[in-house]
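Novice: Residue-level listing of the chains:
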Amino acid sequence: MATGRTVGKYTKLQIDDANSGGTLRDIPVATFAAVGLQAGDVVDLTALQDAVKGFFTGVEMYEIPITGPFDTTTKVSASTTGNAPALSGSHLVLKEINNGSSPLAFGIYIGMQGHWATNDPVFGITGTAANGCLLRDYTVDINTQMYSAIIYGFPGSAIPTWGTAQLS
Amino acid sequence: MSNRTHKKHSRFYLGGFDLSSHAMDFGPLAWLSSPEGQTALTDAAQGFFPGINTISIGTLNTIFDNTATTGSQIVLKTIGGKRVVSAPLGMGAAPVSGDPVFAGEFEQKDFKAAMEGMVTASVEFEPSARATSLLYARPWGNVIHAKGAETSANTGESDHENEAGQTTAGGFMVWQLFSADGTGTVTLSIDDDQATDGAYTALVSSGAIDASTDPIAGIVALGQGVTVDTFTRWQIAFGGNTTTATFFLSFHRG
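Heads up: the protein sequence lines correspond to chains A and B, in order. The opening residue of the first sequence carries number 1 in the working numbering; numbering runs sequentially from there. The opening residue of the second sequence carries number 169 in the working numbering; numbering runs sequentially from there.
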């Protein structure tokens with residue numbers, strides 16, 4: 001495992017392929033935005049008499065827009081540590097989980113100067129009956145042949161974290 | 169068949185008319201949900217549940233064409249009606265059985281011509297409250313019969329295999345009848361079978377369509393708990409003096 005800097009081509013997304021009893025799949029992604037947590041409900045508590053502005057952060061949140069090529073490749077098993085991504089068709093996965101209400105496992109893996117391996121960073125959460133993410137707004141642009149969708153939080157779920165181990 | 173594609177392999181069918189030779193582009197094909205916040209004070213992170221879905225076929229941008237009967241201006245100039253729209257995406261070639269299809273019933277909001285350079289027109293659609301498929305919030309399905317002519321019933325073993333196998337959530341059939349001869353009837357339907365043993369049974373049917381009403385389109389919805397087997401195939405029947413029909417079929421599982 002390398003440490004230090006890396007390049008985007010070693011990033012991959014794995015996400016459950018069904019709203020219940022799903023299987024993790026690698027899907028093709030061209031762009032990720034806002035990978036990580038953000039402070040939600042930030043309130044401005046600045047008084048006129050304060051010397052500087054002051055804010056209080058609320059419950060954390062995440063909302064990760066993704067885009068990628070519209071793809072109908074037959075689904076295959078997700079890749080494991082040290083291996084190149086094994087891509088399943090983005091359309092075959094996303095059309096099944098879009099706008100669902102059951103938590104999904106997901107992981108955004110950042111390979112450090114090579115294919116992701118254990119001890120490289122990964123942001124995500126293991127799926128259980130109460131924990132995971134949801135996905136919404138699956139949209140296809142035929143001019144670019146690219147899809148877009150948004151990964152976001154399931155109510156009451158534990159928070160996704162930055163880890164270094166394969167998620168399930 | 170390729171797994172990725174180009175828009176030149178997409179098609180746009182509306183009310184039994186094939187507008188693909190006029191359409192320059194359409195979309196975006198959107199399947200949206202307005203999230204409803206559900207965050208308690210002590211939750212680790214903000215969470216949301218999906219609200220009511222919005223399914224949109226977006227805007228059709230087309231060449232302005234006044235060819236009698238089939239020109240885009242002739243077909244689309246009357247607004248305010250409910251339109252059955254099918255948008256199959258051919259994967260690396262013209263659409264074939266198994267290719268993805270985005271379809272539904274949409275209200276045509278407008279028809280606006282523009283005269284900057286070549287004369288073009290745009291049409292915007294909204295989801296229809298009169299839609300047959302209001303029970304289903306899933307616009308994506310698969311081509312069961314690509315646009316083409318048939319003159320006899322289908323006796324084939326299988327046509328399309330659902331990758332997820334048998335489902336128990338119903339679905340709906342979208343049919344586009346582009347042309348039929350004579351003054352008899354055409355019945356478009358889909359059969360299903362759990363194995364490739366030739367034991368197909370009828371799943372969903374358009375009923376007898378008067379051939380003289382072509383071009384015409386429709387949607388037939390199953391009950392939401394209906395079982396749909398793994399394999400589906402197109403089927404056709406003729407009545408009276410009608411012996412050939414050019415049509416498109418897709419099925420959208422619930």
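Since the hints were derived computationally from the structure, they do not count as laboratory data. Worth double-checking, as some hints may not be accurate.
[Claimed, not checked] Partial pick of chain A residues on the chain B-facing surface, computed with a CB cut under 10 Å:
no.	residue
1	Gly40
2	Met61
3	Ser101
4	Gly153
The C-beta atom is built at its ideal place from N, Cα and C for all residues, glycine as well.
Novice: Using 10 Å as the Cβ threshold, decide whether Gly40/A counts as touching chain B.
Specialist: holds (5 Å)
Novice: Mind checking the CB of Gly153/A against every CB in chain B and telling me if the closest is under 10 Å?
Specialist: holds (4 Å)
Novice: Would you check whether Ser101/A satisfies its interface hint, that is, whether its CB is within less than 10 Å of any CB in chain B?
Specialist: holds (6 Å)
Novice: Holds or violated: is there a CB of chain B closer than 10 Å to the CB of Met61/A?
Specialist: holds (4 Å)
Hint compliance for this structure: no hint is broken.
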